[in-house]
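Visitor: Listed here are the chains, written in short residue letters.
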Amino acid sequence: MSKETDTGGPRAAALYESAKKIYPREIKGRFASLSKLATNVLLGLFYVVPWLMWDDRQAFLFDLPARKFYLLGLTLWPQDFIYLALLLMIAALSLFFFTALAGRLWCGFACPQTVWTEAFIWMEQITEGTRSQRMKLDKAPWSWNKLRRKGAKQFLWITFSLWTGFTFVGYFMPIRQLGLDIVALNVGGWTLFWGMFYGFATYGNAGYMREQVCKYMCPYARFQSAMFDKDTLIISYDEERGEPRGGRKRSVNRKKEGLGDCIDCQLCVQVCPTGIDIREGLQYECIACAACIDACDSIMDKMEYPRGLVRYTTEHALKGKTAHVLRPRMFVYGTAILLLAGALVASMVTRTPVILDVIRDRNTLYRELPGDIIENSYTIKVINQRNEARDFRLSVDGVAGLSLDGVDDVITVVGGDVLSLPVRARTQRDNAYGIMNITFAVTAVDDESVVMIEDSRFLGPTP
Amino acid sequence: MVSEEYRGARKWSRNKQAVATVIWISFLTAAVATMLFFAFIDPVELLATYDPGLEIGRQAGYAVGFFFFWFIAAGCSAVTAWLVRTAPKRDARR
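Respectively, the protein sequence lines represent chains C and X.
Going by this note's numbering, the first sequence opens with residue 2, and the numbers climb by one from there.
Going by this note's numbering, the second sequence opens with residue 285, and the numbers climb by one from there.
The following block holds chain X by itself, in its conformation from the complex:
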């Protein structure tokens, strides 16, 4: 039967699903956070008040901010996913 070759086509393993979801959702979160944060705060001014000696361009500031948010969100997501997946099961089916 033709449809057999499709049934459940290309299933990802649970680990792959978890990794992809964590990376992707934290990416989206970081994009929103970066937009919100830098709409109100200019990275150049932020750095100037913090350490006038240090000078980086706006582009670098945005990038650092974005990766910072991505890292934080991914860490949070990963730990959450891990805790949920490794939690003791309520009904011991296995």
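This is chain C alone, in the form it adopts within the complex:
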């Protein structure tokens, strides 16, 4: 790669000359309201959810220090990782499903990048004003007014980012306690670090990088077109109806003048947060926020032309063919989602609320005790996944005459806790030789159907 192509060349120079910050113009309309609603609901959920309580603990807490996840009444352990895996698969397939159905709905309305950017742009608007005011302010030399407005914006941005970081950490440790710790200036180093880290990422991504993240850094933006087909709803400009474009007075009869419906007002370009011109066709920069639809509809209303020169439509519909919603692709994604969801529900319903872990003592193969007895040592872990204490019986099987020593007949495990027990299994020498497979079982005293079995080995002398 020559230096020239990196930084120079006439074409590149032309590009960089026009390299300007994007000042998205504010717009009102159906999709703007929808996007505002989505932003408020999603951000509202993010900031409110950690404060919800369930009984006497946080309703949603991913307690990493304790390695337990609390979701409402449910407590999940690392052993329940399968649920998380299934959930992530369902989320990914849902993304495919909705992309095939209606394009980049995710990007336009639900992606954190979009949602936080919307919030940051809103703060920019209330401190620095409308699009033209912001452009003027940026060009103007530093003044008291500029300092005041920029300072207010930074104050809002930074406060909001810090609160975001705090909320993020509040999902991983009890947020009320965290709040008290912060007030008392008694926050752990790592906690502080992650809070600042997430806060700073929000500030940088939503305040400065914005559409660049979608354009240059987002993998989904690059591969989403693979989910598209000719029946996918996309935002398009109706070229047939719009061209030839051109300015005109409202009184002009466009048919007589040979003009299309597009008055070339550039509003669709000005409102675009990624700075593209939708009239040039579908582009990968388009995040489907639909701001251009609102913009164009408002102009069509003013001109008393029918709405929808820029609209949600499909490639088939634009070409005058019939559009199909129910297509093989939709059934494949839909069936896969339903199957996975079924598996998730089934595995949660049949989940045994006890987990047994058996670790054989690695230091000794076996021990010979007086009276011709062979002994093996194990560490047993019984995890009670219920929230209440429960009694269990531990048993072992697989070798004749095998019995347990060092363990009570009934063991009690506190709710949501792990009991670790050193246990010895013994049998007569005649019964033990070589490596033998055995099974440990833990059974709830109050319910015989609650049983968990775990395999292990019993070693004896080789003859």
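Zero decoy hints are in this set.
Selected chain C positions facing chain X (in silico; Cβ < 10 Å):
| no. | residue |
| --- | --- |
| 1 | Ala67 |
| 2 | Arg68 |
| 3 | Gln80 |
| 4 | Leu85 |
| 5 | Ala86 |
| 6 | Met174 |
| 7 | Phe194 |
| 8 | Gln213 |
| 9 | Lys216 |
| 10 | Tyr217 |
| 11 | Cys219 |
Calculated pairs, DSSO-like style, for lysine-lysine (alpha carbon to alpha carbon, straight line, at most 30 Å):
| no. | chain 1 | residue 1 | chain 2 | residue 2 |
| --- | --- | --- | --- | --- |
| 12 | C | Lys151 | X | Lys295 |
| 13 | X | Lys295 | C | Lys137 |
| 14 | C | Lys37 | C | Lys151 |
| 15 | C | Lys137 | X | Lys300 |
| 16 | C | Lys303 | C | Lys257 |
| 17 | C | Lys137 | C | Lys29 |
| 18 | C | Lys151 | C | Lys140 |
| 19 | C | Lys22 | C | Lys37 |
| 20 | X | Lys295 | C | Lys29 |
| 21 | C | Lys147 | X | Lys295 |
| 22 | C | Lys256 | C | Lys303 |
| 23 | C | Lys151 | C | Lys29 |
| 24 | X | Lys300 | C | Lys140 |
| 25 | C | Lys140 | X | Lys295 |
| 26 | C | Lys154 | X | Lys295 |
| 27 | X | Lys300 | C | Lys151 |
| 28 | C | Lys137 | C | Lys22 |
| 29 | C | Lys22 | X | Lys300 |
| 30 | C | Lys37 | X | Lys295 |
| 31 | X | Lys300 | C | Lys154 |
| 32 | X | Lys295 | C | Lys22 |
| 33 | C | Lys37 | C | Lys147 |
| 34 | C | Lys154 | C | Lys137 |
I should point out that these hints are in silico values taken from the structure, not numbers from a laboratory.
All C-beta atoms, glycine included, are put in the ideal place defined by N, C-alpha and C.
Knowing the structure of chain C, use the given hints to seat chain X on it.
Guide: Positioned in the frame of chain C, the structure of chain X alone reads:
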């Protein structure tokens, strides 16, 4: 024309693109790797079997693990990006 000021708005240089992409994608990879790894392995137990004398908290364990994965993934990504970008071109247009 108004749209001229937008055309190709805020293009990142190729270097900036490469750096940002490497950092971001390795960050995502590290997040997934950390989740998978620590779902099955408790950092406290891992350290206890490795060196019983050494004691760090779980939080520190997770953080070290995360940055380790990030570092490895970023290194791999960076070298890949560099090799791809500096590879001899098949057609000598320049």
